[in-house]
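Engineer: Residue strings, one per chain:
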Amino acid sequence: MTALLESLSNELAAAVESGGRAVVAIHARRRIPASGVHWRSGVIVATNHTINRDDNITVTLPDGTNASVSLAGRDPSTDLAVLKLAGQNLATANLRLDPSPSVGEFVIALGRPGPRLTASWGVVSSVAGAWRTWQGAEIDSLLRLDLSIYDGFSGGPLIDATGRVLGINTSGLARGTPVTIPVATVERTVGELLERGAIRRAYLGIGTQPVRVPPSLARRLELTNPVGLLIASVEPGGPADRDGVLLGDVLLELGGAEVSDPTDVLVQLGGDRVGRPIAARVIRGGQVKTLEVTPGERPESRAA
Amino acid sequence: MTAPTTTGLARELAAAVDELRRVTVRVQASGAAASGAGVLWDPAGDDTRGLVITNAHVATRAQATIRLSDGAVVRARVVARDRKRDLAALELDLDLEPHTAAGFAHVRDAPPLRVGELVIAVGHPGDVSGAATLGIVHTVGGDRAGVTPQWVRADLPLAPGFSGGPLADASGRVIGINTMMHGGLALAVPVTVVESWLRRAQAPAAS
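For the record, the sequence lines run as chains A and B.
For the first sequence, the residue numbers in this note's numbering are 175 to 478.
For the second sequence, the residue numbers in this note's numbering are 11 to 217.
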């Protein structure tokens with residue numbers, strides 16, 4: 175008898191079918207299409223890196239028909255994009271905000287890189303806390319999967335054994351390694367993109383690299399943390415340049431927080447910081463000096 | 011803790027694999043170094059004349075040695091071979107009845123496959139006999155609507171030595187002949203393709 179095995183098989187197929195009703199193909203690049211999820215009525219979530227144009231974007235719906243969509247906004251820092259779909263009667267994704275995925279839980283990655291739905295299965299291999307992408311976006315939790323991914327899966331959902339969506343999969347955030355952007359992060363980003371069309375982030379216009387302050391100098395300046403950030407580049411005319419940050423300064427603190435890694439700078443540069451002065455403690459000419467810098471609004475595709 | 015579902019699943023999976031091993035043979039083409047797998051096939055459905063279905067890239071010669079799951083070794087002759095479909099049929103000079111550890115495959119013609127269904131592959135990688143892997147159906151349907159798809163595509167690992175062996179569903183019914191890995195996916199020749207090919211291959215040649 176194979177009653178349990180058959181039930182498991184049927185339930186997996188049912189989860190794929192149910193989850194797949196909200197999965198569309200996105201045609202916005204050459205070669206193979208990518209995937210997207212009908213997240214809320216008329217709102218499709220896709221990945222930013224698979225959308226190579228702002229106009230002439232179409233989607234293939236689960237019934238095989240094509241429809242035009244318009245780009246409502248995109249955010250390179252979370253690799254998410256939002257598309258608007260009008261006049262279609264399409265199932266919306268069944269989202270699972272709680273409970274968060276557990277290690278060992280069965281999961282399925284769905285994609286629609288063309289008219290046909292595709293699926294791969296595996297388990298959640300680790301769940302960790304919030305992390306920051308290289309462009310500074312905060313992702314609510316780090317989900318690692320034991321699961322194979324295939325061409326065109328980016329923008330597709332990770333679903334649980336009952337077909338509920340746990341997040342959006344992308345290969346565009348961690349050098350090709352698949353990453354799942356959890357539902358909470360997608361919800362937040364979609365809300366902001368629908369409202370503003372872009373995610374507002376503050377920036378200083380500097381490039382930094384960690385350096386160890388020589389022990390004698392660290393002792394003399396009574397530094398608690400011997401590692402600082404060497405200002406390796408200053409964008410001419412950028413916020414840091416305007417406020418007197420110089421090439422060769424070693425940044426110790428920003429907004430009262432010690433910085434010893436470039437991501438520590440990003441943490442201080444949320445969207446609410448635009449136009450609000452922030453204190454920067456630097457070593458310059460062997461002395462500690464405090465500057466006041468006013469972050470500007472980050473143009474697209476700049477890190478810090 | 012007790013885990014009745016998982017325990018039951020493990021038991022059923024082991025039983026399904028045992029059942030599949032009965033229909034799986036090792037195929038070694040005469041003089042060839044590598045071997046593959048094959049499926050005991052009963053085209054007439056009356057247990058009269060047995061065939062072994064495998065890949066053309068496994069049955070590379072006119073003759074082959076077949077090893078049944080009970081260890082019995084018999085010689086077989088290739089009666090049909092199609093390199094394009096990567097299929098070959100071999101005729102066994104053997105009555106299966108005394109070999110209780112061997113049997114003909116149950117073929118699934120219907121219902122159609124669903125994406126996400128469990129699939130099981132059995133093969134003989136290297137020196138290992140009757141190895142099994144578990145996966146799901148990756149996608150269904152062909153590249154064009156209305157055209158019989160050329161492959162069953164599964165999210166499942168296959169190693170060399172699985173070629174020519176069975177891909178089966180959760181009830182142990184054969185749905186395809188494992189043929190290759192491509193782009194990380196297992197590709198198997200669907201049983202419908204095998205059956206229509208067999209019918210044509212066995213029809214008297216038009217003169």
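Worth flagging that the hints you see were computed from the coordinates, not collected in a lab.
This structure is a prediction, so every number in the text was calculated from the model and none was measured.
Backbone N, C-alpha and C fix where the C-beta goes; we use that ideal spot for every residue, glycine too.
Treat the hints with care, since some could be wrong.
Which residues of chain A face chain B? A partial, calculated answer using Cβ under 8 Å [claimed, not checked]: (1) Leu179; (2) Ser183; (3) Ala189; (4) Ser192; (5) Val277; (6) Gly278; (7) Glu279; (8) Phe280; (9) Arg290; (10) Leu291; (11) Thr292; (12) Val297; (13) Ser299; (14) Leu316; (15) Asp320; (16) Tyr324.
Engineer: Does each hint hold? Answer for all of them.
Structural biologist: Against the structure, the hints:
Satisfaction of the interface hint for A/Leu179 is found here, the shortest Cβ-Cβ separation to chain B being roughly 4 Å, below the 8 Å cut-off. Given hint, A/Ser183 at the interface with chain B, holds; its Cβ is 4 Å from that chain's nearest Cβ, closer than 8 Å. Given the 8 Å rule on beta carbons, the hint for A/Ala189 holds: about 6 Å separates it from the nearest Cβ of chain B. A hinted interface residue such as A/Ser192 counts as satisfied when its beta carbon comes closer than 8 Å to some beta carbon of chain B; here the least separation is about 10 Å, so the hint is violated.
Interface hint at A/Val277: violated, since its Cβ lies 16 Å from the closest Cβ of chain B, which is beyond the 8 Å cut-off. Among the interface hints, the one on A/Gly278 is violated; its C-beta lies about 11 Å from the nearest C-beta in chain B, farther than the 8 Å criterion. At a threshold of 8 Å, the smallest CB-CB gap from A/Glu279 to chain B is about 13 Å, leaving the interface hint violated. With its C-beta approaching chain B no nearer than about 11 Å, A/Phe280 sits outside the 8 Å limit, and its interface hint is violated.
At its closest, the beta carbon of A/Arg290 sits 5 Å from a beta carbon of chain B; the interface hint therefore holds under the 8 Å criterion. Restraint check, A/Leu291 versus chain B: the minimum CB separation of about 5 Å is within 8 Å; hint holds. A distance limit of 8 Å between C-beta atoms decides the matter here; for A/Thr292 the minimum to chain B is near 4 Å, and the interface restraint holds. Hint status for A/Val297: violated, given a least beta-carbon distance of 13 Å to chain B, over 8 Å.
For A/Ser299, the interface hint is violated, the least distance from its beta-carbon to any beta-carbon of chain B being 16 Å, above 8 Å. Annotation: A/Leu316 was flagged as interfacial toward chain B, and the flag is violated, the nearest CB pair being 23 Å apart, outside 8 Å. A cut of 8 Å between beta carbons decides the hint on A/Asp320: the least distance to chain B is about 12 Å, and the hint is violated. Annotation: A/Tyr324 was flagged as interfacial toward chain B, and the flag holds, the nearest CB pair being 6 Å apart, inside 8 Å.
In this structure, the earlier hints numbered 4, 5, 6, 7, 8, 12, 13, 14 and 15 are contradicted, and the remaining ones agree with it.
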